[in-house]
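J.: Those protein sequence lines, which keep their order, are chains A and B.
Its first residue numbered 0, the first sequence is counted upward by one per residue in numbering that gives the first Met the number 0.
Its first residue numbered 0, the second sequence is counted upward by one per residue in numbering that gives the first Met the number 0.
Hints are not guaranteed to be accurate.
Stated by the list, open to error - Stretch by stretch, here's where chain B covers chain A in the computed footprint (C-beta under 8 Å, at least three residues):
1) 9 to 19
2) 84 to 94
Unchecked claim - To give a feel for the contact side, a few chain B residues facing chain A, derived at Cβ under 10 Å:
3) M11
4) F188
5) M292
6) R310
7) Y321
8) P339
Read the hints as simulated data drawn from the structure, not as lab findings.
Ideal Cβ positions, reconstructed from N, Cα and C, are used throughout, including at glycine.
Below, each chain spelled out in residue letters.
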Amino acid sequence: MFESQKHVFWQALLATILIFGLGLLIGFALEDARTSKISNMYTKSEIDLIDMRAQSDVYGIGTLDCGKVVEENIKFADRIYEEAKLLDKYQEASKLSDEIILEHKKYDLLRTLVWTNSIKIKQTCNASYHNIVYLYNYRNLGVEERAKQQVFSKMLQDLKDRQANNIMLIPIAADSDLASLNILLGTFNITSFPTILIDEKTKIENVENVTDIEQHL
Amino acid sequence: MKALVIIYLTFMFISMYFMFFFFLVHIRNRTKLFEHPPKTKEKTISIIVPAYNEEECLEGTVRTVLDADYPIEKIFIVNDGSTDRTKEIAQKLAKEFPSKVILLDKPNSGKAPSINYALKHVKSELFAIVDADSYPDKDAISKMVGHFDDEKVGAVTSAILVKNRGKFIQNLQVMEYVIMAWTRKLLDFVGGVWATPGPLSIYRKSAVDKINGFDESNMTEDIEVAWHLVKEGYRVRMCLAAHTYTNVPVKIKGWLRQRIRWDIGGIQTIGKYKSSFLKNGMLGNFILPFFVMSMFIGLLGVGVFVTQGLRKIIGAFLLTGYSYMANTQVLSLQDVYFAPSVLNFIGGLLLVFGFIFTVLGLLCFQEGKFAREKFFTLLLYGTFYLTVYPIILVIAIYKMAIKDIKW
Numbered sequence: 000m001f002e003s004q005k006h007v008f009w010q011a012l013l014a015t016i017l018i019f020g021l022g023l024l025i026g027f028a029l030e031d032a033r034t035s036k037i038s039n040m041y042t043k044s045e046i047d048l049i050d051m052r053a054q055s056d057v058y059g060i061g062t063l064d065c066g067k068v069v070e071e072n073i074k075f076a077d078r079i080y081e082e083a084k085l086l087d088k089y090q091e092a093s094k095l096s097d098e099i100i101l102e103h104k105k106y107d108l109l110r111t112l113v114w115t116n117s118i119k120i121k122q123t124c125n126a127s128y129h130n131i132v133y134l135y136n137y138r139n140l141g142v143e144e145r146a147k148q149q150v151f152s153k154m155l156q157d158l159k160d161r162q163a164n165n166i167m168l169i170p171i172a173a174d175s176d177l178a179s180l181n182i183l184l185g186t187f188n189i190t191s192f193p194t195i196l197i198d199e200k201t202k203i204e205n206v207e208n209v210t211d212i213e214q215h216l
Numbered sequence: 000m001k002a003l004v005i006i007y008l009t010f011m012f013i014s015m016y017f018m019f020f021f022f023l024v025h026i027r028n029r030t031k032l033f034e035h036p037p038k039t040k041e042k043t044i045s046i047i048v049p050a051y052n053e054e055e056c057l058e059g060t061v062r063t064v065l066d067a068d069y070p071i072e073k074i075f076i077v078n079d080g081s082t083d084r085t086k087e088i089a090q091k092l093a094k095e096f097p098s099k100v101i102l103l104d105k106p107n108s109g110k111a112p113s114i115n116y117a118l119k120h121v122k123s124e125l126f127a128i129v130d131a132d133s134y135p136d137k138d139a140i141s142k143m144v145g146h147f148d149d150e151k152v153g154a155v156t157s158a159i160l161v162k163n164r165g166k167f168i169q170n171l172q173v174m175e176y177v178i179m180a181w182t183r184k185l186l187d188f189v190g191g192v193w194a195t196p197g198p199l200s201i202y203r204k205s206a207v208d209k210i211n212g213f214d215e216s217n218m219t220e221d222i223e224v225a226w227h228l229v230k231e232g233y234r235v236r237m238c239l240a241a242h243t244y245t246n247v248p249v250k251i252k253g254w255l256r257q258r259i260r261w262d263i264g265g266i267q268t269i270g271k272y273k274s275s276f277l278k279n280g281m282l283g284n285f286i287l288p289f290f291v292m293s294m295f296i297g298l299l300g301v302g303v304f305v306t307q308g309l310r311k312i313i314g315a316f317l318l319t320g321y322s323y324m325a326n327t328q329v330l331s332l333q334d335v336y337f338a339p340s341v342l343n344f345i346g347g348l349l350l351v352f353g354f355i356f357t358v359l360g361l362l363c364f365q366e367g368k369f370a371r372e373k374f375f376t377l378l379l380y381g382t383f384y385l386t387v388y389p390i391i392l393v394i395a396i397y398k399m400a401i402k403d404i405k406w
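If we strip away everything but chain A, and leave its shape as in the complex, we get:
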């Protein structure tokens, strides 16, 4: 009797490998679809950024319409800020593949370009809006660091809701290992994270009331 049952052991193993493998495949497909979505959003954003920089160059030949450039820059920054939030959610749910980390890195590079572009525009146009750069870590976070960064994100969201187009909000992961970003961090002497850098001058490293942050503007 027992002899006739011994096949159950490997049959169960086979069934498990099949169902579990199917689950993993679906997981890979899901993560791949999300990475593709992020990748497409990135490509669109990258094209838009190049287009904006090209516009500046074209206007440079004639007269620069500062109002339009500033408006488009802030609109663009707002869009990639929303995309960054989605990217973070997807990255948190990404368990099997590390491809999304590469997308994150590409986005950080894009946001660094947006930042440098914004510095230039502010100088050229003597614009009155404020650059708010949020520098954070996203790898190997401790419990305290994670909680602190969550609150920083909320503080900045509140600030954006209050100030709207008066600020350009650019979140960048500082541990993306990007040479250009590292140079900027060195230039502004930013060594601890999270840090909020206001107009390339004021650094906020501790949790503060949004009203207090507004006073730095």
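Could you slot chain B onto chain A? The hints should help.
T.: Only chain B this time, still in chain A's reference frame:
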């Protein structure tokens, strides 16, 4: 891939394997679950009823056994130094049934020593152990005895079900006992029965004599004796058609004490038979690895759960503190947004399989109706009750570490 993800996936793979294993055994044998071999020849049988402070149940148990449709040679009531009226009730029964009921009185020393003490008086081919708070069905013994026609069978156990119902904790145990009986029967089909529970199990006297009786140092002599018999080449069978109803703990404290004892006994048994790993037939190749794996999965689960749970609690505490400092909302819509991962997907699948598994087990008995009526209990059983097991295991390990081992 992160180490934690690999741990989760391993955990899920092993759990899924065991679930499919049980599903497959059930599907292959679904028509044979309640089959039992017919009696071809009468075998003499005696009953041992170890009793310690059982004044409330003893008489009912003995009268139930006397009412069995199988001839009982003797009933040995072992009064294990009770401090209540147990001895008095046993004396009354011995007086009422002088040819059947024998009172063996001894100072308190535990269940296994009580059984071994009684075994010295047993002269029949078979003997059954019936806990003093358990009530076998009239036909339970006669359904089980046929198994002993196979000379390799050393013990046969029955389906233990819950007698005292009504309270919430009892209803949870109703489900638990049904699932235990069902899975034990499924293990029977592969020769993997690993325990002969006290409410009603029958043993071949010569087999138990060969292993020198029950281990008196073990907290769960019913697990140890089954392992020992399998090690010696005997088969341990399970008869799902034979029902025994037992009283289960009605208070959390009693329930917890019972479960800790089961776990301590299980660990003691693993320790005793660890050298049989991958040896001694089903014991080393299935029972021992199955037992160890179940405990390992439980401990791994509780380890990950506690670590991650603590991280979440500390994180939530810090987040609340920082949010207060920053005067921002603690929870926003953004936090509620949920992107499911592959772990959520496979975890969900396991939950569904687990639910089907439980319902399937309950439907095998009349308890299917009970499950429909007590759907909320079923939900709590699957989500909360089972998750407490590993925590109890941790407590048991702690108690063993500090040598706080008592019945």
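J.: Each hint should be assessed against the structure and marked as holding or not.
T.: Status of the hints after comparison with the structure:
Against chain B, the region 9 to 19 of chain A contributes 7 residues with a C-beta closer than 8 Å to a partner C-beta. That satisfies the three-residue criterion, and the hint holds. Here the region 84 to 94 of chain A counts 7 residues with a CB under 8 Å from a CB of chain B, which clears the bar of 3, and the coverage holds. Because the closest C-beta pair between M11(B) and chain A is about 7 Å apart, less than 10 Å, the hint holds. The restraint placing F188(B) at the interface with chain A holds, with a minimum CB-CB distance near 5 Å, inside the 10 Å limit.
A distance limit of 10 Å between C-beta atoms decides the matter here; for M292(B) the minimum to chain A is near 13 Å, and the interface restraint is violated. The beta carbon of R310(B) is positioned within 10 Å of a beta carbon in chain A (closest approach about 5 Å), and the interface hint is therefore held. For Y321(B), the interface hint holds, since its Cβ comes within 10 Å of a Cβ in chain A; the closest pair sits about 4 Å apart. A distance limit of 10 Å between C-beta atoms decides the matter here; for P339(B) the minimum to chain A is near 6 Å, and the interface restraint holds.
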